[in-house]
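**Student:** Given next are the chains, with one letter for each unit.
2 protein chains.
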Amino acid sequence: MDLEAIGIIHSPHQESQNTPLQPHLAAGSEGTVEVFPQFAAGLKDLGGFERIWLLYWFHRAAEPQLVVTPYLDDERRGLFATRAPCRPNPIGLSAVRLLRIEGNILKISDLDILDGTPLLDIKPYVPSFDVFAVQRIGWCGSSKKDRRVADGRFEGPGGKSPRHGGA
Amino acid sequence: MDLEAIGIIHSPHQESQNTPLQPHLAAGSEGTVEVFPQFAAGLKDLGGFERIWLLYWFHRAAEPQLVVTPYLDDERRGLFATRAPCRPNPIGLSAVRLLRIEGNILKISDLDILDGTPLLDIKPYVPSFDVFAVQRIGWCGSSKKDRRVADGRFEGPGGKSPRHGGA
Chain H
1 MDLEAIGIIH
11 SPHQESQNTP
21 LQPHLAAGSE
31 GTVEVFPQFA
41 AGLKDLGGFE
51 RIWLLYWFHR
61 AAEPQLVVTP
71 YLDDERRGLF
81 ATRAPCRPNP
91 IGLSAVRLLR
101 IEGNILKISD
111 LDILDGTPLL
121 DIKPYVPSFD
131 VFAVQRIGWC
141 GSSKKDRRVA
151 DGRFEGPGGK
161 SPRHGGA
Chain D
1 MDLEAIGIIH
11 SPHQESQNTP
21 LQPHLAAGSE
31 GTVEVFPQFA
41 AGLKDLGGFE
51 RIWLLYWFHR
61 AAEPQLVVTP
71 YLDDERRGLF
81 ATRAPCRPNP
91 IGLSAVRLLR
101 IEGNILKISD
111 LDILDGTPLL
121 DIKPYVPSFD
131 VFAVQRIGWC
141 GSSKKDRRVA
151 DGRFEGPGGK
161 SPRHGGA
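Each protein sequence line maps, in turn, to chains H and D.
The numbering of the first sequence is our numbering, which starts it at 1 and goes up by one.
The numbering of the second sequence is our numbering, which starts it at 1 and goes up by one.
Same shape as in the complex, but just chain H:
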């Protein structure tokens, strides 16, 4: 299962330190998604969506760790119960705001993603597919930390580099 970058995310966030943890904490954090020209035909009709999922490669994440101390707690938690980037398959997922599309460039807000991140996929955010009323949210329901931005705890020494694409 090989991936190839379909684009690059250009963001004001140059390092993990002070990067917003999630899109809802990144209001006003604007940037662009450059979709490589050979994939631009797939952007047709996307402009009608207010919000889009970006799937991307955590290219600067540390090696996988199966138990982590997440930003929002002070206890060790199972990795799959967190959104930490040091995952066996380091795929990130963010529902960002789509401001407009100019050719193969998407203008984006609510960016919680590092500059230079390889883009893997774009999907439309559709409430009937993506919005669920849930009652139980595990440790997040009694989260002990009120952090809004990252530090360097999950950053790798050199980061992982994509083997394909233009990153």
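Think of the hints as simulated: they come from the structure by calculation, not from any bench.
Quick caveat: nothing in here was measured; it's all calculated off a predicted structure.
Among the clues, some could well be false.
Just so you know, same-sequence chains aren't split out, so a pair can sit in one copy or run between any two.
Computed cross-link-like contacts, DSBU-like style, restricted to lysine-lysine with a CA-CA straight-line distance of at most 30 Å [as the list claims (entries may be wrong)]:
{"no.": "1", "residue 1": "Lys44", "residue 2": "Lys107"}
{"no.": "2", "residue 1": "Lys107", "residue 2": "Lys144"}
{"no.": "3", "residue 1": "Lys145", "residue 2": "Lys44"}
{"no.": "4", "residue 1": "Lys44", "residue 2": "Lys144"}
Position chain D relative to chain H; hints supplied.
**Tutor:** Chain D only, in chain H's frame:
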């Protein structure tokens, strides 16, 4: 950017035909997620979450197509404005219901995923991260089809096979 399967999704859906299009159309569709033992430590604390994101490899999808006729419309749409599986990086995303965890086996409902699908990642579904009130949902707002299940239109001749893992 290489992926490895971290588990396998066991589902009642043996072929695309009649598989629910999305989790909200798959109530009562139960199965299991087998997480390979070497990753099971990462499941700690996950049981507290009512719903989880599964990221998986569309192992039986056709080759990428940048313009498709989606199930819910009768017009050709840009691939990235749809959730069709024939993507440059064929990564699927579903927010399924977590019923319980027994060791390295997750009992799941609302499964819209084919049997034998390689699992790439699990993330907790957290409303503050994942739920957004959106007004504009593009062509989905005037969707012309009321389909609830798939047919074989996006299925490949032999499908893509994972190079790693147990699938």
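**Student:** What are the numbers of the hints the structure violates, in ascending order?
**Tutor:** none
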